Amino acid sequence: MPIPTLSQSIVITLIQCLLVVVFVFVVVPLTVFAERKVLGYLQQRLGSTRVASGHVGITGWMNRGMWKWGRIPVLSYWRGIPGLVADILKLILKEDVIPAKADKFVFFIAPALSMVSAVVVFAAVSFVPGVFFTFPKWFPFVGGLPVSGGIADINVGLLWILGVASVGVYGIVLAGWASNSKYPLLGGLRSAAQMVSYEVPLAISLLAPVVLSASLNFAEMSERMAVGLPFWGLVPQVLGFLIYLTCGFAETNRLPFDMPEAENELVAGFHTEYSGMKFGFFYLAEYINMTVVAALAAGFFLGGPWLLPFGLQGLLNPYLPGFLSWFGEPHAIFFAVKIIFILFTYIWVRGTIPRYRYDQVMSVAWKYLIPMALVNLLLAALVRCFAV
Amino acid sequence: MFKNEEMEVNLGPQHPSTHGVLRVKLRLDGETITHCRPMIGYLHRGVEKICENQTFFQGQVWTDRMDYCSAVANNLGWAEANEKLFGITVPRRAQYIRTMLNEFNRLASHLIWLATHALDIGAMTVFLYAFREREDILDMNEAFCGSRLTTTAFRIGGLREDLPPGFEKLVTKFLAKFPSCLEEYENLLSENRIWKKRTVGVAKLSAEDAIALGVTGPVLRAAGVPYDIRKAFPYAAYAEMDFEVPTKTEADTYARYLVRMEEMRQSARIIQQCMDGMPEGPVMAKLPKILRAEVNEVYHATEAPKGEIGYYLVGEKGSGNPYRFHVRAPGFINLQALPKMAEGGLIADIVAAIGTLDIVLGEIDR
Amino acid sequence: MSDETLPQPSETPEAPAGPYVYDYAASPQRQIVLPKTVPLPSLVTYVAEVKAAAEADEAKWQKQQADFEVAKAKAEAEGKDAPKPPVRAVPRKDDNDLKTPWPQEAQDPDLLHLQDCLGGKVEEIFEQAGELTCQVSKESLLEALMLCRQDAELNYEMLADQTATHYPAATGFAFSVVYHLTSISRRKRLRLRILVPEGFAPESAVAVYPSANWMEREIYDMLGIRFVNHPDMTRILCPEDWEGHPLRKDYPVVGWGQRDISFREDRGGRLEMIAMQKAGQLGINLKQPKAE
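Chains as they are written, first to last, in my numbering: chain A, 1 to 388; chain B, 1001 to 1366; chain C, 2001 to 2292.
This is chain A alone, in the form it adopts within the complex (with noise of 0.2 angstroms):
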């Protein structure tokens, strides 16, 4: 395998970062459109079913085409996927509105430190162990070079997951301190103290995987807890997982602990006052935030890229027929399936449940994770010492 130059890592590297941005906003609009149609499911409707917009523009030529799409039994079903292209053209022309009184810097510093800090998180994150694909010999300037699963395969993957990630907050505080408004003022607390207590439990829960694969490289933990573990590791961490999960949807701002913006008692908490791309930014990070925990989950509770559970991946491979050897190899589409199932899972529960109050909240975190999580740390202590 050739060695890069300097000059030809950076531009697999950007290439690497294109593909990430490209994944982001491919799977994020993809995310808003499965909450319609599954909230939809869920709620015994259909869900978005057009475009808004009528008959004219960019939006009413997809609409008239989807429409006629929609003709094909099946395709009906998707007809309001134009939708997204249409919300995302309507947040970018829309007015973008500066209350008067706003701190004008950190008002517009702030959705870009929220959606920076979750775009950013993806750095760490390996889609899949080694070579994710080889770029081919006549390809110029970098042919034949492979491309790794993930851009920055640093040692502590973890700590710049977990650190960058509650860059986040500053976002929402800010935001909600910038409007200079009291409902955002009320959301960016209640989210301040919300993100910062939910930090613990997540990181105590994170440390789990840490002590059983000796690692806090993202691959080298999925890897192990993948392969080196029962059934993903999920049955030795199933406390650790829920516990992650939960706290995953408080760092995410989801019911049913969606207080920073709980409609109904803050309007739209800390982004009340924001409107167009800005709002969008906060909209497309609270996304991307979700695909992050759910790749977090699937990488180190759900066996990552690995398809089959219980250590079966090693003891198979030998015995499977040509054809059916990628069954046993991990692969990023089994990745991504597990991280659509975690969404999945996202909208299905704010479908079904209602919505903390910000006193239980609290207590959730303190009086029950927490402890849970030491205890589930120590469980992990007791696995690595006598079962591994």
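In short, the hints are calculated from the structure, not lab data.
Keep in mind that this is a model prediction, so the values were computed, not measured.
Glycine included, every Cβ here is placed at the ideal spot set by N, Cα and C.
All the given hints hold, so there is nothing to weed out.
Across the chosen pairs, the derived CB separations fall in these ranges:
| no. | chain 1 | residue 1 | chain 2 | residue 2 | range |
| --- | --- | --- | --- | --- | --- |
| 1 | A | Ala112 | B | Gly1344 | 33 to 43 angstroms |
| 2 | B | Ala1176 | A | Gln44 | 11 to 21 angstroms |
| 3 | C | Gln2277 | A | Arg64 | 37 to 47 angstroms |
| 4 | B | Glu1006 | A | Ala112 | 30 to 40 angstroms |
| 5 | B | Lys1231 | C | Lys2278 | 54 to 64 angstroms |
| 6 | B | Ser1190 | C | Arg2248 | 42 to 52 angstroms |
| 7 | B | Glu1161 | A | Leu89 | 48 to 58 angstroms |
| 8 | B | Ser1190 | C | Ala2275 | 57 to 67 angstroms |
| 9 | B | Asp1276 | C | Glu2055 | 53 to 63 angstroms |
| 10 | B | Glu1006 | A | Lys101 | 15 to 25 angstroms |
| 11 | B | Arg1265 | C | Glu2198 | 44 to 54 angstroms |
Here are the simulated DMTMM-like pairs of lysine to aspartate or glutamate, each with C-alpha atoms no more than 25 angstroms apart in a straight line:
| no. | chain 1 | residue 1 | chain 2 | residue 2 |
| --- | --- | --- | --- | --- |
| 12 | C | Lys2188 | C | Asp2151 |
| 13 | B | Lys1231 | C | Glu2157 |
| 14 | C | Lys2093 | B | Glu1316 |
From the derived model, a few chain A residues whose C-beta atoms are all more than 12 angstroms from chain B:
| no. | residue |
| --- | --- |
| 15 | Val11 |
| 16 | Gly65 |
| 17 | Ala123 |
| 18 | Ile154 |
| 19 | Ser197 |
Given chain A, put chains B and C in place with the hints provided.
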């Protein structure tokens, strides 16, 4: 450096969970409400003044627009107050049909309450489940009187038309499926731990306070006072119906939820009895073309889904208009209790309190 | 803004005197027709009216008979046929289900008990349409309310409704304020009534029944009766700066003009210019009325 400041927040008039244009001035210490003052009047249309300048028949149209979620109950109160003013005896069949439609209306109103209350607390799926059943009731309204929401269902002295053919089938179909629908809602909510955490012990209003503040309806019954005008001062055909008045003693949001759910069951029972015992006969009393009042004043109260709705009418000799028309709107009086229920709680609790009072601003502001 | 300061557009020099001139002040909704009668239900008035009607009827009958006698004598004297003897008019019976409820003597023990306890402070007690009415003097209202609330035999726990009516044609009083009391335990309703003249401030019922709070605010807002010792005597439905009290009989249905199109916020006169232009094109003379 660390100042302890109270913040003043306007909840409304444009706010997702104030059920219209209610404005509540809150003073907050952190998230705790220290002072709460509801401010109303944003939807004031002067219904009383307008009705005083219209004939007795025309006034009914305005009662629809007060509490638009329970238009039939408002119509019933208006029609009966006028019948009391003129001394009209309504045929028995008309009484039964009125009772039945009124109970359907109670179901519709309670369903809309359940939907919005659950949505306020964050359970968004119940919203659409409840609207699904409400849709059937609105269809029945449409079959009966042609309109779905603002019905103007009754006339002074009876009904304009008898039940349409095939109405019994609609009712039977609805009654067959309704209990299972109720179970569906209760599966989602009754034993849901978050729902209980949000509602048990929240927005308490004791029986003494409730009576002192004039609160009626499910809120009063959830405090343990079995005061239901259908039983206490029977009107329409309620004297002949067999039903129970559900009460709870906890006087909190959860108790009100349970009371209303049980009321829906009882309403279904009453509808069944109306269908079974529907007498034959005319549906309209013999009346002159133009009603001219004598000097008289009546106060007629009926049990609307939200509480006691009372119509106060003063007749002028020889006049076709009421000299004075006044509505005792249940929401208006019940909303007085909001500060008592909300002060000392959190912001999230006032949302639950507004939801559990089941207010409609059209009726409060009139 | 007056017409002089208005920047007149050059294209449309003058609003043409169109076929249709809308004058706000002359609109039928703004005309006030004050009631001429005092429809205050009362047994005393009713009895007096019935008596007067019977007397008038009797007098008419006597006159008819006397006329007949005269006519008969005249006819006899002239030798013509005797005129038909008069028939006493029987009240016309309508073929309908109306049975008007008239005021009746108080039979109910509650009313009698109230009269026993309050004595001369009770002005009138009667029953009508199955409802009990007790009219007390306006000074002893609080006493009567206290009695209704606390007396073991009465025990009216709840003030269900409180409202007032404007009687501009009455002499001696201008408003009646009614209190609808409900006894939940005894399943009874009672109407307490006071008559108050213009400017008189009755005692607030909040001390006895806290539910009177908003209802008295509403009465103040709608009819302009102030209540003494009320914790918060402010307007409730109308804005604080509203002029007039809408439910008075001398208030027009469409108001005094507060809700007419107002260009007060239109500093540059732009909106008014456009409106005048449009109205001129439509042939409407938009004359801005002054609020009375």
